[in-house]
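Protein chains in written order, with our numbering: chain A, 2 to 430; chain B, 2 to 430; chain C, 2 to 430.
Calculated from the structure, these hints are not laboratory results.
Ideal Cβ positions, reconstructed from N, Cα and C, are used throughout, including at glycine.
Some hints here could point you the wrong way.
Just the calculated beta-carbon pair ranges, DEER-fashion [unchecked claim]:
no.	chain 1	residue 1	chain 2	residue 2	range
1	A	Phe105	C	Ile336	39 to 49 Å
2	B	Ser19	C	Phe97	42 to 52 Å
3	A	Lys290	C	Val221	53 to 63 Å
4	C	Lys396	B	Phe374	52 to 62 Å
5	C	Phe105	B	Trp102	55 to 65 Å
6	B	Lys290	C	Gly107	36 to 46 Å
7	C	Lys396	B	Leu373	44 to 54 Å
8	B	Lys224	A	Ser407	49 to 59 Å
9	C	Glu370	A	Ala181	35 to 45 Å
10	C	Gly107	B	Phe374	32 to 42 Å
11	B	Val288	C	Met211	32 to 42 Å
12	C	Asp227	A	Asp339	53 to 63 Å
13	A	Phe105	C	Phe97	50 to 60 Å
14	A	Ile366	B	Ser316	54 to 64 Å
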Amino acid sequence: MKEGVTELIASSAADAVSLAEVSGQVAQNLLTVNNVWMMVATFLVFIMHLGFAGVEAGFGQSKNTVNILFKNTLTPLIGILTYYVIGFNLMYPGDFMLGEWFGFAGFFLSLPEGGEGLAYVEGGYTYWTDFLFQAMFAATAATIVSGAVAERIKINAYLIFTVIFVGLVYPFVGSWKWGAGWLDSLGFYDFAGSTLVHSVGGWGALAGIMIIGPRLGKYVGGKIIDKPGSSVPLATMGVFLLWFGWFGFNGGSVLSADPGTVSRVLVTTSLAASMGGIGGYITGWLVFKRLDLGMVLNGILAGLVGITAGADVISPGWSLLVGLVAGVLVVLSAITLDKFKLDDVVGAVSVHLTCGIWGTLAVGIFSPEFSLFTQLIGVIAIGAVSFLSALSIFKILDIVIGLRVSEQHETEGLDSHEHGIRGYTIILE
Amino acid sequence: MKEGVTELIASSAADAVSLAEVSGQVAQNLLTVNNVWMMVATFLVFIMHLGFAGVEAGFGQSKNTVNILFKNTLTPLIGILTYYVIGFNLMYPGDFMLGEWFGFAGFFLSLPEGGEGLAYVEGGYTYWTDFLFQAMFAATAATIVSGAVAERIKINAYLIFTVIFVGLVYPFVGSWKWGAGWLDSLGFYDFAGSTLVHSVGGWGALAGIMIIGPRLGKYVGGKIIDKPGSSVPLATMGVFLLWFGWFGFNGGSVLSADPGTVSRVLVTTSLAASMGGIGGYITGWLVFKRLDLGMVLNGILAGLVGITAGADVISPGWSLLVGLVAGVLVVLSAITLDKFKLDDVVGAVSVHLTCGIWGTLAVGIFSPEFSLFTQLIGVIAIGAVSFLSALSIFKILDIVIGLRVSEQHETEGLDSHEHGIRGYTIILE
Amino acid sequence: MKEGVTELIASSAADAVSLAEVSGQVAQNLLTVNNVWMMVATFLVFIMHLGFAGVEAGFGQSKNTVNILFKNTLTPLIGILTYYVIGFNLMYPGDFMLGEWFGFAGFFLSLPEGGEGLAYVEGGYTYWTDFLFQAMFAATAATIVSGAVAERIKINAYLIFTVIFVGLVYPFVGSWKWGAGWLDSLGFYDFAGSTLVHSVGGWGALAGIMIIGPRLGKYVGGKIIDKPGSSVPLATMGVFLLWFGWFGFNGGSVLSADPGTVSRVLVTTSLAASMGGIGGYITGWLVFKRLDLGMVLNGILAGLVGITAGADVISPGWSLLVGLVAGVLVVLSAITLDKFKLDDVVGAVSVHLTCGIWGTLAVGIFSPEFSLFTQLIGVIAIGAVSFLSALSIFKILDIVIGLRVSEQHETEGLDSHEHGIRGYTIILE
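Taking the hints into account, I'd like the entire structure generated from these sequences.
Take a look at the structure:
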């Protein structure tokens, strides 16, 4: 019996060692599954860039298709590279945050202690995944601008703007919230970026179309002249891919694979997108008396932008209303912009700025734990800096190198003059 | 020594607590990884809606492209919303199932006990994931109908049909099997929905084209007149995306990330798709004496539909035969429908109904544990209700608001008359 | 007290059993998450086939669109089926490897011991996942050839070539490294296949365009005549999807979900792709004096191919340079090929062969643990066998059934003659 006890104790001691090992492997498994989820989310946000390219090339005129695709192809490259060089360390300065207003952890990625940056973010995924997920986010802000100013902006002006806006402006204002800055301390809430990503891009887009002016022949004698897009299937594909990507944009913003939170976020996201489309459909029909596919598509995007700030704190039921209102707002906003002769090729300002503001305020309305007033402060503070920065950059570029292509190039199309190929060459016997 | 023993025992006692904790975390990890897998599957099924849009807009005529995309964009919205309001609780009534024939757990989603609905489904994923995955499924049934009746159906008639068919008919018959109803008790097997999804949609499509009649000028003087689709690349993209999405459709139907079962399902799915394409290729060549891409593409879809009922119980070897037969059947079915002047724009009835039946019966043929006779009962019971319901809804709609657009609109195209834009506007200098 | 101790010991004994169980479940969880990751990677590699289809149909002329899509649709089917019948067991012969040069584990898949093939590959994922992931890889080699020889090759010649090349040549040379053959023993390194996949395909493409000759009217009087592609949006979509798929191609080649390694691979992959695009942009501008989207797109692909051999061993910093050089090389290579009147419709040889070689050598340059000389041996050995095999197959096919379509078919387009439909039919009122 004594021996039996001793053996059992010895066995227990051996197990004690194993338990520590097992426990370590359990923590490692959680890290692994979180990281898998965050990588999937990263891929989904990446493919949003194809979504944006589809929407913009689809809604843009066929004589400028290659130009639009050129911009949209370079934008994620610039986003990733500037984020590697400077942006990531500017948006997430960590210990280098100074007085909650500005911080910079130095140029280039520098691996934190611990080899491969395992469990870099609490709860767990790797440093590399964090960088790549955030880099894919960063590029979306520039892409939003791209859609608004399309068909008349010089490519080098656009590229310089993008480098500055994505490399400096976006991470600077972003650090106020996601980098643990003063807006975060104030209690401002923006889950996945209705303000930090979408309205930042939207303010850039608004500044751009104000400085560059409308396309030639868009507003003639008090009338709005239609400029039909090259391919509605392409634009539709773009919207579906954006929704697809938004599962990663919002779902990944949970920053872990936590089952309850992530899957709930996917539901509110989908419900808001659906009601946004319905809102765009009904409003488009009431206003234009037609079955306006463009308004359904932009309504879906509006619903997605609208729920982005509060996808984890707004209930599924209220998310229906957030989406519906966004779908109505996007149509009214587009009409309003046209009244002011602000020519936005794809409706980027209406989708991302108007509904980005709406979504941020909606958090203060539908989530009792957040203050509408604080939400408003965040909208105004980030909006002011984003808009004035974009306005300044565009104005300086306009003076120094010129923002706009020549009248001849715009009229005849950018593709033949600047790219030497046409977007579509359909010759059949 | 005594102290040593006591310490060890104390340590063991402490470990005992830890072991319970570790064990709990292990269960939580399994829930997390299952949930990640089910979310990925959900995204994949979502993107099938872009696949359907591509197939239908690609194979439809260019004068109706916007109309087709309008229907295909609204369909998933309706699917998600009706499933939120009523469908989910009708298809999975749980304790509210009455006599195995009908059940309804009440309007709107209602979170089950336990906060976020964690581990709602045994083995584990969340309530939200379950809802969203099933909602994406539901919308596919309506999309199948959409492809068949395209180019001549009134948009409001289609939308009303979709709300009723997806919101009521699909979940009602579905509950007989997946809601633990009488077909489930009988031993009927339909893994991922050859019958419950595809043939339900296919019966709806058949009812639709019977009531609405062929497109003008499709059958003239005993001849079948080709109506060339607007874009073969778009249709091809659609089929690839459907296969891509089918990895989630079939893989997610395992309802966990169980490695052996899920990955085996992916293999049978891919083998059947491949042989389906080969079957369509060969049959298309024998019958039409040409390299018929449409038949290869529909052959792939046929193989996918065919293996869907038994992807987890049919061996990889037999899945080759199931796919090949489906690829042959889809061509013969298309020819037969044309003989009866049943005009199906994308071959939806042949792909989803014919091969849905074949796949369901194939379970009884190639899986010894299932009865062919029981499979046949399921096919007939669900077919009868789906077909008669769809026939009734379409007939009533035809009488009350009219199913069909005017002859002028059909001839000149739905896009210019109802949507005010054209699908493609390619103007090059 | 004694009882207390006994109880504790009894409890510890019970826990000891539980610990073994828990430990087993922990191992099972790791298998599950690894398998989920590998399945996601498989889907991503699958969708690369849509990417290739997009690039090839987009850059090919509109009169041959259906023909290109026909080839690209059949290629993955052939890849999956030949790999099921013979390829998998030829590339990974396991114990059947003879003298490190050749091995064959028998026809058809045969499940290894252990039921469902759980934990088949050490560290863990299933036999089925392994097969499917590798099958998706195999088909890419053939697809590369497809793009180069497009617009003039007979469909049956192409299909026979593909069956032999994917079914025999690709797995044979591949087994030298990934099947644990002599190149593996020698210390040759090719992480995800710059040589084993991309340059094998590239050599096949080069052999193909040498034997079949340029398209009619491509090189006239010392000039290179542009043959504009049908749709630049389609080609752009293809490149985005290829990058998207490459996350699985490279990320899945880690063969587990190991967080540190996989996420680091994704970063080097993205950085190289980005710099490749920049390299193509700058070189295209310097050489052609235009904003050449085709060169940006091929530059991205070049960067991806370039980093593929060393994505896990080259540092993020150096991966920028690897990508940039690839982006420059791809333009210079395209110019060189044209000098020799080697007509490559999509630039497949420049992207996959030139940059595949560069990437393989880059491992020897930027990773101190690998020998540049050994890398060169691998490039030459695999290149020699791939090129000579492809050359022989194409030559024999040319003699026996003829490689090339008739002059009339080529001039008027393959679609109307061989497929009976046109790629685009855009008729608007």
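Structure-based check of each hint:
no. : hint                            : result
1   : A:Phe105 / C:Ile336: 39 to 49 Å : holds (42 Å)
2   : B:Ser19 / C:Phe97: 42 to 52 Å   : holds (47 Å)
3   : A:Lys290 / C:Val221: 53 to 63 Å : holds (55 Å)
4   : C:Lys396 / B:Phe374: 52 to 62 Å : holds (57 Å)
5   : C:Phe105 / B:Trp102: 55 to 65 Å : holds (56 Å)
6   : B:Lys290 / C:Gly107: 36 to 46 Å : holds (38 Å)
7   : C:Lys396 / B:Leu373: 44 to 54 Å : holds (52 Å)
8   : B:Lys224 / A:Ser407: 49 to 59 Å : holds (54 Å)
9   : C:Glu370 / A:Ala181: 35 to 45 Å : holds (39 Å)
10  : C:Gly107 / B:Phe374: 32 to 42 Å : holds (38 Å)
11  : B:Val288 / C:Met211: 32 to 42 Å : holds (37 Å)
12  : C:Asp227 / A:Asp339: 53 to 63 Å : violated (39 Å)
13  : A:Phe105 / C:Phe97: 50 to 60 Å  : holds (58 Å)
14  : A:Ile366 / B:Ser316: 54 to 64 Å : holds (56 Å)
When held up to the earlier numbered hints, the structure conflicts with hint 12 and nothing else.
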